[in-house]
Amino acid sequence: MEEKVSRDPLVIAGHTLSSRFLFGTGRFPSPAVLQQALEASGAEVITFAVRRVNLESVEDDSVLQHFEGKPVTYLPNTSGARTAEEAVRIARLARAAGLGNWIKVEISGDSRSLLPDPIETLRATEELAKDGFIVLPYTSDDPILCKRLEEAGASAVMPGGSPIGTGLGLLNPYNLALIAEQASVPIIIDAGIGSAKDAAEAMELGADGILANTPIAKAQDPIIMARAFRLAIEAGRLAWLAGRIPRKKYASASSDWAGSLFEAAAGADSGGKP
Amino acid sequence: MGREAWNDFRLYVITAESNHPGKSVVDVIEQTLIGGAQIVQLRNKTGSRDEVLEQAKALRELTRKYKVPFIINDYPDIVLETDADGVHLGQEDMPIAEARRLLGPYRMIGISTHNLQQALAAERDGADYIGVGPVFPTDTKPGRAAVTTSYVTEAARHVTIPFVAIGGITLGNVDLVLAAGANRICSVSAIVGSHDPAAMCRSFLRRLEAGAEESKTVVMNGREEHTRARTVEQLVIQAGQQNKKLVIELNGIIVQRALWAETELKSGDSIELVHFVGGG
Numbered sequence: 001m002e003e004k005v006s007r008d009p010l011v012i013a014g015h016t017l018s019s020r021f022l023f024g025t026g027r028f029p030s031p032a033v034l035q036q037a038l039e040a041s042g043a044e045v046i047t048f049a050v051r052r053v054n055l056e057s058v059e060d061d062s063v064l065q066h067f068e069g070k071p072v073t074y075l076p077n078t079s080g081a082r083t084a085e086e087a088v089r090i091a092r093l094a095r096a097a098g099l100g101n102w103i104k105v106e107i108s109g110d111s112r113s114l115l116p117d118p119i120e121t122l123r124a125t126e127e128l129a130k131d132g133f134i135v136l137p138y139t140s141d142d143p144i145l146c147k148r149l150e151e152a153g154a155s156a157v158m159p160g161g162s163p164i165g166t167g168l169g170l171l172n173p174y175n176l177a178l179i180a181e182q183a184s185v186p187i188i189i190d191a192g193i194g195s196a197k198d199a200a201e202a203m204e205l206g207a208d209g210i211l212a213n214t215p216i217a218k219a220q221d222p223i224i225m226a227r228a229f230r231l232a233i234e235a236g237r238l239a240w241l242a243g244r245i246p247r248k249k250y251a252s253a254s255s256d257w258a259g260s261l262f263e264a265a266a267g268a269d270s271g272g273k274p
Numbered sequence: 001m002g003r004e005a006w007n008d009f010r011l012y013v014i015t016a017e018s019n020h021p022g023k024s025v026v027d028v029i030e031q032t033l034i035g036g037a038q039i040v041q042l043r044n045k046t047g048s049r050d051e052v053l054e055q056a057k058a059l060r061e062l063t064r065k066y067k068v069p070f071i072i073n074d075y076p077d078i079v080l081e082t083d084a085d086g087v088h089l090g091q092e093d094m095p096i097a098e099a100r101r102l103l104g105p106y107r108m109i110g111i112s113t114h115n116l117q118q119a120l121a122a123e124r125d126g127a128d129y130i131g132v133g134p135v136f137p138t139d140t141k142p143g144r145a146a147v148t149t150s151y152v153t154e155a156a157r158h159v160t161i162p163f164v165a166i167g168g169i170t171l172g173n174v175d176l177v178l179a180a181g182a183n184r185i186c187s188v189s190a191i192v193g194s195h196d197p198a199a200m201c202r203s204f205l206r207r208l209e210a211g212a213e214e215s216k217t218v219v220m221n222g223r224e225e226h227t228r229a230r231t232v233e234q235l236v237i238q239a240g241q242q243n244k245k246l247v248i249e250l251n252g253i254i255v256q257r258a259l260w261a262e263t264e265l266k267s268g269d270s271i272e273l274v275h276f277v278g279g280g
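Sequence order for the protein chains is A and B. At position 171 of the first sequence the residue is numbered 171 (this note's numbering), and the sequence of numbers has no breaks. At position 112 of the second sequence the residue is numbered 112 (this note's numbering), and the sequence of numbers has no breaks.
What the hints contain is simulated information worked out from the structure, not anything from laboratory work. By construction, the Cβ of each residue, glycine as well, lies at the ideal position given by its N, Cα and C atoms. Among the hints, erroneous ones may be present.
Dumping the calculated DSSO-like pairs for lysine-lysine here, alpha-carbon to alpha-carbon at most 30 angstroms [as the list claims (entries may be wrong)]:
1) K197(A) to K248(A)
2) K67(B) to K23(B)
3) K218(A) to K245(B)
4) K45(B) to K23(B)
5) K67(B) to K45(B)
6) K70(A) to K245(B)
7) K197(A) to K249(A)
8) K130(A) to K245(B)
9) K45(B) to K65(B)
Now the in silico label distances, taken between C-beta atoms and shown as ranges [as the list claims (entries may be wrong)]:
10) P173(A) to N243(B): 44 to 50 angstroms
11) N7(B) to K70(A): 48 to 54 angstroms
12) E59(A) to G172(B): 25 to 31 angstroms
13) D61(A) to R257(B): 37 to 43 angstroms
14) V33(A) to A121(B): 33 to 39 angstroms
15) K216(B) to D61(A): 45 to 51 angstroms
Put together the whole structure using the sequences plus the hints.
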């Protein structure tokens, strides 16, 4: 049993990760908190965005300077893209920086919900996979679409629990469980997670990992919340491996009735409980 | 000499006798004037006051003949005695206000600066121009850390009085200094230490003029910019962005860092400078 628990890595495109937590780096109150939260999370994959530099400043204000020398895998995202072409362009810019070839495809189809555009996401995934990228598309929680993304070359598929930054948790656990069940690549639940409880729930549904940013960065104490997520993800994973009990309508006692102090003696007057 | 004419200079020459053993200061400076030097400073940190005075008198006469302004490093008294056009101060010398009191309102006061704070203070205190440097390490001022072209860029953005980039500038690196935003440069050893100071001045002037002519308009991160940068690398330096981990896209095509120096810019180019920010 120890073997099953202690050697249970997440493998994405042949890369072995001991943490199932993918860590978003946005909106932290300070670089120091960001660094300590990452430390507390145990995450080995970090996400960030590609943006124009601020020409008014000569200081290096890139987020990456805070991770120099750390053994992390970089997962740049294509946020800001509205079409497959824009996402491919951003992915190539990120790769040109020499940060590896992982890319989170994120193509918003609507600025209010930030929900992913399924058609463009599929197109971008296909093109980037052909171009040699390790593609992790952020997608809606549609089981058929998730399968199509896998077939298009995604190395992991990342359905959302609920819209980005809402903290609404898992709005469609049925779909997420189905997606996880039928997938042959890792399923990472990305977006909408509100707290450690949602992360644990997602893992218990069979997800292979969690990508979270806002619930850590905007928690009252991001460092403690990062640790809470680490534990919740681990707990959820263990529960999944252990196998939960089936749900029943009525109670079933934890101890047999037999031997109860109030059980009528054998052969005596049967005035006790059934 | 009126201030307006004085402001036109682009090539500033400073004496450095130790750079030309066997040739007199006056002969070497005359060569630079023949080559087109537009302002001359007498800098003599080792000689006695009498020696400085003698050189100042000779150079005053020479610069009058060539109709260029003549500045003396330190010695406001010699400025007055020889009717030089101004004084150049270091950060450790007398305050600008004191020099102004000694020299009156019409003579030039220049001061060496090594960071933007000093530059803005000099401007506030009434300096007529500032030196910005040393841009590169130089034997003329050993032990002084180079300020690099990023200070030139800062000066170009924030300093409104004339500024002269100085320090280790040669024909080999002058384009980078111009690209960083300098309009005026001063070279000491590369000019007076040259076997042909006149030809060296002409070469510098050609580079200064080429820089001025090649002004082009590019769109950088969606904003229209006028630049004299010849290459992508020069544009990055001019924008003061060289210390960032950047990715560059020129007209939709990524330019690998190794190719920045050889990728030429032309008017109408669209360039994106991107980097990485926090995100999920």
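Hint-by-hint comparison with the structure:
| no. | hint | verdict |
| --- | --- | --- |
| 1 | K197(A) to K248(A) | holds, 22 angstroms |
| 2 | K67(B) to K23(B) | holds, 23 angstroms |
| 3 | K218(A) to K245(B) | holds, 27 angstroms |
| 4 | K45(B) to K23(B) | holds, 18 angstroms |
| 5 | K67(B) to K45(B) | holds, 26 angstroms |
| 6 | K70(A) to K245(B) | holds, 17 angstroms |
| 7 | K197(A) to K249(A) | holds, 24 angstroms |
| 8 | K130(A) to K245(B) | holds, 27 angstroms |
| 9 | K45(B) to K65(B) | holds, 26 angstroms |
| 10 | P173(A) to N243(B): 44 to 50 angstroms | holds, 48 angstroms |
| 11 | N7(B) to K70(A): 48 to 54 angstroms | holds, 52 angstroms |
| 12 | E59(A) to G172(B): 25 to 31 angstroms | holds, 29 angstroms |
| 13 | D61(A) to R257(B): 37 to 43 angstroms | violated, 19 angstroms |
| 14 | V33(A) to A121(B): 33 to 39 angstroms | holds, 37 angstroms |
| 15 | K216(B) to D61(A): 45 to 51 angstroms | violated, 28 angstroms |
The structure is inconsistent with the numbered hints 13 and 15, although it conforms to all the rest.
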